[in-house]
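S.K.: The chain contents come next:
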Amino acid sequence: MAKKHLIWNERYECMPDSKKKELQLERLKLLVSRVYDKVAPYKAKMDAAGIAPKDIKKLEDIAKLPFTTKEDLAANYPFGMFAVPMKKIIRIHSSSGTTGKPKVAGYTKNDIKMWADVMARTLTCGNTTKNDVVQNAYGYGLFTGGLGAHYGVEKIGATVVPISGGNTKRQILVMKDFGVTKMCCTPSYCLFLSEALREAGLEPGRDIKLNTAFLGAEPWTRELREQVEKNISIDAIDIYGLTEVIGPGVSSECMEKVGLHIFDDNFYPEVVDPDTQQPLPLGEKGELVFTTLTKEAFPVVRYRTRDITRLIPEKCACGRTHIRMERLTGRTDDMLIIRGVNVYPSQIESVIVQIPGLEPHYQILVDRQGAMDMLEVWIEVSPGIFTDNIKGLEKLEKRIRGEMESVLGIGVKLKLVEPKAIQRSEGKAQRIIDRRTVYDK
Amino acid sequence: MVKQISVFLENKYGRMAEATEAIGEAGVNIRALSVADTSDFGILRCIVNDTEKALKVLREKGFTASATPVVAAEAPDEPGGLARLLKIPRDNNVNVEYLYAFVTKSRDNAVVILRVDEYEKLISLLEKGGVKVLTEQEAVSL
Ligand SMILES: [Zn+2]
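Taken in order, these protein sequences are the chains called A and B.
Numbering-wise, the first sequence is residues 1 to 441 according to the numbering used here.
Numbering-wise, the second sequence is residues 1 to 142 according to the numbering used here.
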């Protein structure tokens, strides 16, 4: 039986290829002139590369433009990459940066409208209609997940339950009593919840009406999908996005579940070789790079996501002409995603180096206990911080943990260990041990 | 004033044995010993007959160890003797961070090791109160 495919914005989602290329080129030219005029760091980089807006004559010319990296965002923190004056900005979101300072995104009224549209497309990819009740368990706040999904649900006219993250008992109560049919959360939380639902003896179809979950903010495996889908008889849809590009709503699987459709009338994708930084032939695996074609407040040109994937040029059975990207297969940097939150080891190090006497001998251990990610940081007790007093060491432990939790925004288990307890290979400590399987093999 | 050696220990089976073995192999004698611990880590505290040598060998073996000034005093060998000794810092607002006591063959009385910030003040208070305070020489030759 053919799968049912609802489409939110047929004009753009099913636009013929040639017409879309025209649209993309037209938008790219406008974007490049605009950032050249309005955003000093772009002008500086383009001048240094000897490229002017008039040099963009065809889509392929995008490869002449310099890349934008997370380091550029850090150097221009917080608002230095914005292309409009603050009075035009109606909202700010942020996510972890490589140091103690976050990556900051601004949105104009039109950006919020466009975001709601791409999130409506995402939710419609999983056949959401105004008859649905959507439980939004993404965190509300500076994190883009909560409000991003929220506006998409409202755009469709479905009922949003803005429950935010955590409190599994309440999640279950709401799901059951409110007749929730769709859910947004991280894949690991969805697995956790699905097990909690089963333990509570709630039967899919009878006690709960949930039929689809939109899972994003962290990579996940096929096995995890199969488990969630089997546990509570739902369709689990992979959704993708990042704060620097817009938040959730950059791409989404349709009910075919073969790759994620990139909303490429707004977000132009490239895949480049992470080492040579040269564009790769269509379909080859490399680092995903995005250019935002329509964003006003915080446009990015050739932003290096550090996510590894490939583009799928073949047409999809759902009828959308949006190009697809394969499920993520890795990263080109050391960023960890823990309970949906981006964590850079450098953030952890930044806390350690600012504590007097503490030496940067540490190790980060990540594991999954049940469905929950655990972050543990081991720090060697150096002579500089050692005291013969238990209370003194406990106080120090509490202080380090408190500072890490405030920088990272997630719980940390801290362990003080003896010097040299951390394995060193060829004199260099192995900083990160991630025991989870988050990518397909 | 007497020097105590303090060693950081992970709560891992056998680590305390390894630390004391390291001291023993260096030909250093442990005179008194106490361990304080939490669920994650512990601190070994001991009085030895050669502090510098013990510190050196422990550090060579990769332990974090330091020398801590402590006060060693004899508790009068009578009912309530220890309580009478402890009353002195309490009455004079000297904060005792921790203490441990032990008995030795060489002395009739129990020896109490006290960790305080103001050890000079405590020593003179104890002596005024008629308590025998051990010199470093006396402590290491217990
Ligand atoms: Zn499709």
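Do not rely on the hints blindly, as some may be mistaken.
What follows is a list of derived Cβ distance ranges for each label pair [as the list claims (entries may be wrong)]: (1) B:T38 to A:K230: 41 to 47 Å; (2) A:R222 to B:E21: 49 to 55 Å; (3) A:R431 to B:N92: 48 to 54 Å; (4) B:N95 to A:Y439: 52 to 58 Å; (5) A:Y439 to B:E21: 41 to 47 Å; (6) B:V96 to A:R435: 58 to 64 Å; (7) A:P383 to B:Y13: 51 to 57 Å.
Here are the simulated SDA-like cross-link-like pairs (lysine to any residue), alpha carbons at most 25 Å apart as the crow flies [as the list claims (entries may be wrong)]: (8) A:K398 to B:S39; (9) A:K391 to B:M1; (10) A:K230 to A:P41; (11) A:K391 to B:N95; (12) A:K155 to A:K169; (13) B:K121 to B:V133; (14) B:K61 to A:S164; (15) A:K395 to B:S39; (16) A:K391 to B:G62; (17) A:K57 to A:P41; (18) A:K19 to A:P41; (19) A:K21 to A:P53; (20) B:K12 to A:D367; (21) A:K101 to A:T387; (22) A:K257 to A:E218; (23) A:K415 to B:N95; (24) A:K413 to B:D37; (25) A:K398 to B:D117; (26) A:K257 to A:R170; (27) B:K12 to B:S39; (28) A:K420 to B:E74; (29) A:K395 to B:M16; (30) A:K169 to A:F79; (31) B:K3 to B:P79; (32) A:K415 to B:Y98; (33) B:K61 to A:E226.
No wet-lab data here; the hints were simulated from the structure.
No residue lacks a Cβ here, since even glycine has one placed at the ideal position from N, Cα and C.
S.K.: CB of R222 of chain A to CB of E21 of chain B, is that within 49 to 55 Å?
M.R.: holds (51 Å)
S.K.: If you draw a straight line from the CA of K61 of chain B to the CA of E226 of chain A, is it 25 Å or shorter?
M.R.: violated (50 Å)
S.K.: Given the hint that K391 of chain A pairs with G62 of chain B, test it: the Cα-Cα distance must not exceed 25 Å.
M.R.: Given that 25 Å is the threshold and the Cα spacing comes to 23 Å, the pair holds.
S.K.: Take a look at whether the Cβ-Cβ distance between N95 of chain B and Y439 of chain A falls inside 52 to 58 Å.
M.R.: For N95 of chain B and Y439 of chain A the Cβ distance comes to about 55 Å; the hint holds.
S.K.: For T38 of chain B and K230 of chain A, compare the CB-CB distance with the range 41 to 47 Å and indicate the outcome.
M.R.: holds (43 Å)
S.K.: Compare the distance between the alpha carbons of K395 of chain A and S39 of chain B with 25 Å, and conclude whether the hinted pair is satisfied.
M.R.: With a Cα-Cα distance of about 15 Å, the restraint between K395 of chain A and S39 of chain B holds, given a limit of 25 Å.
S.K.: So if I understand the rule, the pair passes when the alpha-carbon distance is 25 Å or less; does K257 of chain A with E218 of chain A pass?
M.R.: With Cα atoms ~17 Å apart, K257 of chain A and E218 of chain A stay inside 25 Å; holds.
S.K.: Checking one constraint from the list: CA of K12 of chain B to CA of S39 of chain B, max 25 Å. Satisfied?
M.R.: Roughly 10 Å separates the two Cα atoms, so the pair holds.
S.K.: Check the hint pairing K19 of chain A with P41 of chain A against an upper bound of 25 Å on the C-alpha distance.
M.R.: violated (32 Å)
S.K.: Is the hinted pair K391 of chain A and M1 of chain B satisfied, with a Cα-Cα distance of at most 25 Å?
M.R.: OK: K391 of chain A and M1 of chain B at ~23 Å, within 25 Å.
S.K.: Starting from the range 48 to 54 Å, see whether the pair R431 of chain A and N92 of chain B falls in it by beta-carbon distance.
M.R.: Since R431 of chain A and N92 of chain B have Cβ atoms about 50 Å apart, the given range 48 to 54 Å holds.
S.K.: Could you grab the alpha-carbon distance between K395 of chain A and M16 of chain B and see if it respects the 25 Å cut-off?
M.R.: Holds - the C-alpha atoms of M16 of chain B and K395 of chain A are around 23 Å apart, at most 25 Å.
Hint compliance for this structure: hints 6, 7, 10, 12, 14, 18, 21, 23, 26, 28, 30, 31 and 33 are not met, and every other hint is.
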